[in-house]
Every structure is written in C-alpha cells, then in structure tokens.
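Residue numbers (the UniProt record's numbering), protein chains in the order written: chain P, 1 to 213; chain G, 1 to 213.
Treat the hints loosely; a few may be bogus.
As the list makes no split between identical chains, a pair holds if one copy fits it or if it spans any two.
To be verified - Taking lysine to aspartate or glutamate and the EDC-like style, the derived pairs with C-alpha atoms no more than 20 Å apart in a straight line are:
| id | residue 1 | residue 2 |
| --- | --- | --- |
| 1 | Lys116 | Asp127 |
| 2 | Lys44 | Glu118 |
| 3 | Lys44 | Glu142 |
| 4 | Lys44 | Glu136 |
| 5 | Lys22 | Asp122 |
| 6 | Lys22 | Glu148 |
| 7 | Lys22 | Asp158 |
| 8 | Lys44 | Glu143 |
| 9 | Lys196 | Glu136 |
| 10 | Lys22 | Glu159 |
| 11 | Lys22 | Glu74 |
| 12 | Lys22 | Asp73 |
Read the hints as simulated data drawn from the structure, not as lab findings. Please read these numbers as outputs of a predicted model, since none were measured by experiment.
There are 2 protein chains.
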Amino acid sequence: MTCYGYFRSSAAYRCRIAFNLKGVSPEFAPVHLRRGEQTQRDFKALNPQGLVPAVTSGDLVLTQSLAIIEWLDETQGGRSLLPADPGLRAQVRAFAQVIACDIHPLQNLRVLTYLKTELGHDQAAADAWCRHWIGEGLAACEEIVEREPDRGRFCFGDEPGLADICLVPQMFSGERFGVDLSAMPRLREIRAACDKLPAFADAHPARQPDYDL
Amino acid sequence: MTCYGYFRSSAAYRCRIAFNLKGVSPEFAPVHLRRGEQTQRDFKALNPQGLVPAVTSGDLVLTQSLAIIEWLDETQGGRSLLPADPGLRAQVRAFAQVIACDIHPLQNLRVLTYLKTELGHDQAAADAWCRHWIGEGLAACEEIVEREPDRGRFCFGDEPGLADICLVPQMFSGERFGVDLSAMPRLREIRAACDKLPAFADAHPARQPDYDL
C-alpha cells in the first residue's frame, strides 16, 4: 500500500492519523504541492483531481481522505473509527464533514492561489479569508462537542475516531493562519488528549520525511 | 421525520433525491436562505452551523447531507445507495466528496456573500469564481466516470446511488452559473438517465413548495 501525500496537507494528515490508529504502515510517496507536483501528468493519471492524498493498494486507487479512512476502517482490523450505532455514526460523520466540506476546502492552496492571482488580493487578505472560515467553522465544532451529553476525552466518547482525526489537522491549520482558539476550550482539551497518543503525535507535519519550513 | 431545506440548496436537493430513492417521505420545513432564516436562533439551536439541510427523527438531529444520506441508507429498507464491496464503496464516496467537499462549498451562498461584501467583488466576479470551481471540479468528475471499466447507465453501474445523488444537483448549479457542460458528455448522459427517474425529477428545485424564481 502506498500513500501519496504532503506534510502540510490537512487531508493527508488525517489519513496518517487513521493509518496509525489502524496499525497500518503504507509506503509514503511525497507530492510537493508548492512545487506543483500534484498537477503533473504522472500524478493526475492517478488522481484526475490533482489533489492529495491518494492511496494505492494493489490495483485499487483511492482518493478523498474521508473515503480512504472509511475504506481503511472497513477493511482493516482493530478498533473501529466510527461507532456502531447508525445515529451516532451520523453525528461523527457530520462533524468530520463540517471540517472536510465546510472549512478545509476554503483554505486550500488552490483557493488561496486564485484569491491572489485571479482576484488580486494580497497575503493579508488571503490570511483573513482563512481565519474567517476556519474560525467560524471551528466555533460551530466547539458548539457541537459542547452539546454532547456523554462527554468523554475525545469528540464523541472515550476513544479517538473519525471526528478527532479531522479536528486535530484543522486546529493545526487554524494556528498556522492565526485563528484565535481561546474561545474553544472543549476543542483544545480534546486536541490535548489526542496529542498524547502516538498515533496523532507521529502524524504531525513536523515529523514527516518531506517536512520543510 | 422532518427535513429542513431550501429549494435551491444543492445539499438539500441531494437529500430529497435520497429520500425519494429510499421511499421515505419526511415532512418538509422550509428555511429561507436568502432571507437569512438559517442564521436565526431557532434554526441554529438545531444546527449550530446555520446551514441546511437538517433532519430530525425523534430525538435525533442530523446535519450534513452525506451523513444524512448514509444514515438513511443504513436505517431504511430498500436498495442500497452504496455498493457492498469496500473498494467500490470508496470510489463512490470519493466521487460524492469531490462534489460535496471540493466543489459545492466554494459556490455556497455564504462564500459568495463574503466575496461581495468583504472583498468588494461584483456579481460578475462572483459568477466567474463559481464557474471556475464548478467547471474544474466537474471536469475531474467526467474523467473519473470516463475511466470506469464497467460502464452502466449511472455513475457507477446500472443503479443510481450516492454518486448520482450528488452529481445531479451539482450539474443544476453548474447550469445556473453558466458552466459549459458541453465537454462533459458522459456526465450529461448520466444526468439524462437520472432525470427520467421520478426520484430525481420530483426532487428538482422547481418542484418544491418553497420554489420561487
């Protein structure tokens, strides 16, 4: 199994955590996003979208981090990353999608590039754009976990799962763009619990072989 | 069961198709997005994100269209909206996520409002923004379905499912923003096959009780 990723990609970071939680160690194939390797013919033959992550396993080519993570969960042993109850599964998936659909795509490299090159904005405006969407999205996430009746150490209960896998990389990006996380005590508490686990700590961008500043 | 939606919301449109395919008829509660009803206290008590759709079923409150659709699929009888094989499920989910993560959130009302009010762009620039992301995203979708070895009437095989549920509303939005769909013959063929089914036709925005031009 091979995982194509980039140290700073939030979506690749999610997959790294999931691989670690499931005890699976794919080969790592770096795709340098800032040098545009994701738009080159070789990579687009694998993923027509030209985005990381992509995972290959035999003849199978998988894309989109949430689809990859659910596939991992369905095919690999170990503790499940989603609860068994359909109602709870839906809550966890919805939380993951708040991040994967409504926060992360707005702060993606291709979007920031369009804001700067096509719409003529400077870096300060692009950063403010990111802070706005990440701040608004994480505030909704804080409210969702705040409402949880059975509060545990993680987003939903006492075991880490899909929601935490999405939260930690998004908080990392939030910090990068200067989002004020002080009004999100519950998310910060969950993140601190995640950071103590090797599955999360080892997946951190700074610990990847392609890391550069 | 109650479904909170808006006739023109792509994500609500997806849920309507899924309800129809599963033979479930929830009560419809309109949330008028252009009048800002989604940001009012009553609705945000239901969904802190202030976005449609939201579905209530007994005490359960569900948000995020893909999570709602998978919940429906897991709890209601009838033909499944996802294939049984994990590899195929991952392909279908990835296609749905290309649309739900990487296309639709960029053309959402809140994003267009920010482009116009915070960044000072006119309607023409906002429309060009939408055409760019929808065009690029649907071009990737065309390539994905083009590569399908077992070509059927729908995105993945001969039965409609989650991928088609996401595709049809996105093509409707593409047309609204003037995206050139002529270079996407396979997607147009699939959409035509979907349009023939009452589950899709009855879910069309123009057929909803809150429809206005």
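Each hint tested on the structure:
no.: 1; hint: Lys116 <-> Asp127; result: both (11 Å within a copy, 17 Å between copies)
no.: 2; hint: Lys44 <-> Glu118; result: neither (23 Å within a copy, 35 Å between copies)
no.: 3; hint: Lys44 <-> Glu142; result: between (36 Å within a copy, 13 Å between copies)
no.: 4; hint: Lys44 <-> Glu136; result: between (33 Å within a copy, 13 Å between copies)
no.: 5; hint: Lys22 <-> Asp122; result: neither (41 Å within a copy, 48 Å between copies)
no.: 6; hint: Lys22 <-> Glu148; result: neither (25 Å within a copy, 29 Å between copies)
no.: 7; hint: Lys22 <-> Asp158; result: within (17 Å within a copy, 34 Å between copies)
no.: 8; hint: Lys44 <-> Glu143; result: between (38 Å within a copy, 10 Å between copies)
no.: 9; hint: Lys196 <-> Glu136; result: neither (27 Å within a copy, 40 Å between copies)
no.: 10; hint: Lys22 <-> Glu159; result: within (13 Å within a copy, 32 Å between copies)
no.: 11; hint: Lys22 <-> Glu74; result: within (11 Å within a copy, 23 Å between copies)
no.: 12; hint: Lys22 <-> Asp73; result: within (7 Å within a copy, 25 Å between copies)
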